[in-house]
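Given the structure of chain A, go ahead and fit chains B and C onto it with the hints provided.
Residue numbers (the working numbering), protein chains in the order written: chain A, 1 to 393; chain B, 1 to 290; chain C, 1 to 314.
Wrong hints could be hidden among the right ones.
[Stated by the list, open to error] Under the rule of at most 30 Å between Cα atoms (straight-line distance), these lysine-lysine pairs were calculated in the DSSO-like manner:
no. : chain 1 : residue 1 : chain 2 : residue 2
1   : A       : K312      : B       : K115
2   : A       : K36       : B       : K115
3   : A       : K264      : A       : K305
4   : A       : K36       : A       : K289
5   : A       : K168      : A       : K382
6   : A       : K382      : B       : K115
7   : B       : K165      : C       : K146
8   : A       : K64       : A       : K304
9   : A       : K64       : B       : K115
10  : A       : K297      : A       : K154
11  : A       : K102      : C       : K146
12  : B       : K115      : A       : K304
13  : A       : K56       : A       : K312
14  : A       : K382      : A       : K352
15  : A       : K342      : C       : K110
16  : A       : K342      : A       : K289
17  : B       : K165      : A       : K59
[Stated by the list, open to error] Listed next, the stretches of chain B that the computed footprint assigns to chain A, with coverage defined by at least 3 CB atoms under 8 Å from CB atoms of chain A:
no. : stretch
18  : 2–14
19  : 114–125
20  : 202–214
[Claimed, not checked] Away from chain A, derived, C-beta distances all over 12 Å, residues of chain C:
no. : residue
21  : G6
22  : L85
23  : S193
24  : V195
25  : A200
These are computed hints drawn from the structure, not numbers from a lab. No experiment lies behind these values; they were computed from the predicted model shown. From the three backbone atoms N, C-alpha and C, an ideal C-beta is built for every residue, glycine too.
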Amino acid sequence: MAHYTHVLRSVAVGATALALSSFSLMHAALAASTIKLGSVLSITGPASFLGDPEDKTLKMYVDKINAAGGVDGQKIELVVYDDGGDANKARTFATRLVEDDKVVAMIGGSTTGTTMAMIPVFEEAQIPFISFAGAVEIIDPVRKYVFKTPHTDKMACEKIFENIKARKFTKVAMISGTDGFGSSMRAQCLKVAPNYGVSIVAEETYGPRDSDMTAQLTKIKNTAGVEAVVNPGFGQGPAIVTRNYAQLGMSSTPLYQSHGVASKSFIELAGPAAEGVRLPAAALLVADKLPDNDPQKKVVTDYKKTYEDATKQPVSTFGGHAYDGLYILIDAMKRAKSTDPKKVRDEIETTKGFVGTGGIVTMSPTDHLGLDLSAFRMLEVKNGDWTLVQPGS
Amino acid sequence: MSELLQFLISGLTVGAVYALVALGFTLVYHAADVVNFAQGEFVMLGGMVTVFAYAAGVPLPLAALLAVIVAVVVGLLLYWLAIAPARGASAVSLIIITIGASILLRGAAQIVFDKQFHKLPAFSGDAPIHLFGAVIQPQSLWVLGGAALVVLTLYYVMERTLIGKAVVATAANRLAARLVGVNVATVMALAFGGSAAIGAIAGILITPITLTSYDVGTLLALKGFAAAMLGGMGNPLGAVIGGLFLGLLESFGAGYVSSTYKDAIAFIVILAVLFVAPQGLVGRRKVERV
Amino acid sequence: MLNLLGRRSVILIVLAVMMAVLPLLFPSSYYFRVASLVWVSALAAIGLNILMGKAGQVSLGHAGFFGIGAYAVAIGPAHLGLNALLAVLVGALLSAVLAFLVGRPILRLKGHYLAIATLGLGVLVAMVITTESGWTGGPDGMPVPKLSLFGWRVSGSTTWYWITAGLLLIGTWFALNLDDTPTGRAFRALHDSEVAARTAGVHVERFKLQAFVIAAVYASVAGSALAMMNGFVNPDQAGFLHSVELVTMVVLGGLGSIVGSIVGAAVLVVLPQLLTVFQDYEHFLLGLIIIVSMIFMRDGMVPMLAKLARRARS
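Excised from the complex, chain A in its bound form (with noise of 0.2 Å):
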């Protein structure tokens, strides 16, 4: 027992004298002519697989930057935190970049959660802080320092609306996840539904790690009258919902997903099961099939090769809005010719006509995510792939 208690005793005071001198290693490199960057990402945990190709995306890009000489001269140091989806922790890590790495930006905040857990720290260090993550909250009202890059859940609402309009359906089920983003989604929803004279006439939900939705979609499938099916939810939920749904020999009532699932592993976990399965999304799921004239081609052919190549994982939009989180910061300080936080904002913030994997960003004092609805396209999933749906059809 002493002799263990002795290796015991030894080890602590090894893993401390590790632990102290790796700090004061990151103080030492700290002193060198750097750009600070902060990122909190939900790299581990429920939402990984928004998380994970973030920060992928973010550590390829920031090396690309670096070897190509760095941002005028001055090379980038990212410090990525990963708060595991947990809101407390991101709060933490928050701080941490701010007072204790003294970040000039922070692009991330992968879930809705741990974004609105971030917003008071950068407001009140006076920050800029491009967000990852979908709601609309984060936004709106509009606040000094937050920005963000992907479309917000209400504006997929509209999107997938404006297509059930147009084939003249008018009554729609629901089955949201209750996850945040799931019921964010399903919450915006609601509320946008009328403006597109669609009544919900049914709605079920399920939890984030249910593994069979059968019960939820026998009761939508027995409802009279659904023309549609909506299914706000991201992860492995909707491939679930998806596999289901064909299951139960529902597929000739129109299914829906949200920008949730825009990964091609969607289409991988449900298989066959996703065929005829339509979705709003940005550009970069249907790279190879845009037009050539179409100004986002460039910019998403480049940004799949490089991720594809990189990390032998299919793209999914989710890394794409770290890359134009990013990009958006880059530019803002190459404009501002520095990375004074207060410059760089403001530069952020007269973003104009930057063309990134999610659209067309222009941003303004009253906008600070400079999307609208044409960035997003109707998809449908045919023969395995993801194809452009003729507009009125």
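Chains B and C alone, transformed into the frame defined by chain A:
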């Protein structure tokens, strides 16, 4: 009627998985007096190893076998490296060790594999079977059949073989078992290996239906633990009944009451059952020795 | 000195001195934030330790009470126009009443059955919080108005450092004093053996219930403090994983050791911050450290160190 049948099928399929996880809990608890919160990670290993081996070109049956072997090895290592050295520690200390193990295994899985969701093809196709207006996925039959086979095998081993008798003896009285020549350490190692195999089998069978990722284990451990307690901890029959009961509760709850509160319904019933039968549905009273 | 003041006073004085000196070493307010998190978690852990370590009853749903306290200070002012301090009290009262009502049937259960029943209770609380989004903001949580004391708006990491430190001191003082009351002695008897305690004339049910209610109030107050400090709440704080984290703090530090709970909380809050340098290996190492510490310090860190110290002295 078809609706009821549909809820029944979906409840039994999910319940069978809970039952297998609960069985793993029970086996380890029975033999080693440890509540192993890393049980869900065995399910994850079963699914993930099969997925990656299959993707690497290994035929499905071999990939599945490999997954079971990997899980058993991990189970044995868990016993030898973490549980056995802590012999004599209090029950709650052992629980914390298994929670640590669960964090560690998840951490290792995200490094070795990745953080994406993965699927497996259904073992005998996706063409649904229609029965009185309800729809059955062929994979559901695999899950139910596989679970039944595991339960029967376990029953046979426990009741009819020497190893099983050693496990039962160890569970009843560790000292007495040692006195009659049972190698208690081996029995405990076997229990860990066996529960890992059961968990991995559950993971392999269910992945074609539910998909898998490095962190599916947490929720399954929670549900499996609930099922084991519902049935009466330490009783294999109770684990099976508890698991199926929990699955049915969820599916009927979602179908007839509210999908939003279906998990709440399940836990309210569990609480109610425990208030009426404090030792679970088929548990026996234990007398505290002073 | 030791004999003159007694063990309890020494612990309190050392703790207070440490709280006063630590800020001198902090290079930035990020450290204040981490330290405040330690104080808040320690407060909840001490409460749970009274239940687990002293009265010998497990709770795997304790974050439920933490969540009730946290949401009380969010919902109270936002929806009911309550004063924030009053909301803290309402939260604590609500937790106490809930603990009292469900405690009676739940605490009849033993060992792992008690664990699953408390787990169910915690899950139910978290589920209500997640689902009733009209009141709670749903899974994404809701903002908490800044605490305002007599016209002074409380904010900033430093301010919260002192407030949480003060709360922890009070909590520690109460827990330490409990040891010497008849209640404390009854708890210890319970912990050793319920049957023996009953035979010796201890009203077992009543004392178990008392411990449960006390633990619930500790967690609720800690939850309120964290929510006001963060300026937001979300359902994770009431969730199963947070419950497990609290139990781990208690056991890692040492069952029954009040100082242990503070140490346990410090380890589990600070360790993930240190491990970020290992990036992908963070969770792997966290699990490894928990396993290794429990194997080598099976009674918990503080009791183990105390034993070593005693052995060294003799």
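Right, here's what the structure says about each hint:
1. A:K312 / B:K115: 13 Å, holds
2. A:K36 / B:K115: Given pair K36 (chain A), K115 (chain B) holds - Cα atoms ~27 Å apart, limit 30 Å.
3. A:K264 / A:K305: Between K264 (chain A) and K305 (chain A) the Cα gap is close to 14 Å, so the pair holds against 30 Å.
4. A:K36 / A:K289: Judged against 30 Å, a Cα distance of about 37 Å means the pair is violated.
5. A:K168 / A:K382: 22 Å, holds
6. A:K382 / B:K115: 27 Å, holds
7. B:K165 / C:K146: 64 Å, violated
8. A:K64 / A:K304: Between K64 (chain A) and K304 (chain A) the Cα gap is close to 15 Å, so the pair holds against 30 Å.
9. A:K64 / B:K115: Satisfied, since the Cα-Cα distance of roughly 24 Å is no more than 30 Å.
10. A:K297 / A:K154: 26 Å, holds
11. A:K102 / C:K146: 25 Å, holds
12. B:K115 / A:K304: 19 Å, holds
13. A:K56 / A:K312: Holds: K56 (chain A) and K312 (chain A) sit about 12 Å apart, inside 30 Å.
14. A:K382 / A:K352: 35 Å, violated
15. A:K342 / C:K110: Since the Cα atoms of K342 (chain A) and K110 (chain C) sit roughly 60 Å apart, the hinted pair is violated (cutoff 30 Å).
16. A:K342 / A:K289: With Cα atoms ~40 Å apart, K342 (chain A) and K289 (chain A) exceed 30 Å; violated.
17. B:K165 / A:K59: The given pair, whose Cα atoms are some 57 Å apart, is violated under the 30 Å limit.
18. 2–14: holds (count 8)
19. 114–125: With 6 residues close enough to chain A, the hint holds.
20. 202–214: holds (count 5)
21. G6: Label holds. Min Cβ-Cβ 29 Å, cutoff 12 Å.
22. L85: 21 Å, holds
23. S193: 27 Å, holds
24. V195: Holds, because the least Cβ-Cβ distance between V195 (chain C) and chain A comes to about 32 Å, which exceeds 12 Å.
25. A200: A200 (chain C) is indeed farther than 12 Å from all Cβ atoms of chain A, at 34 Å.
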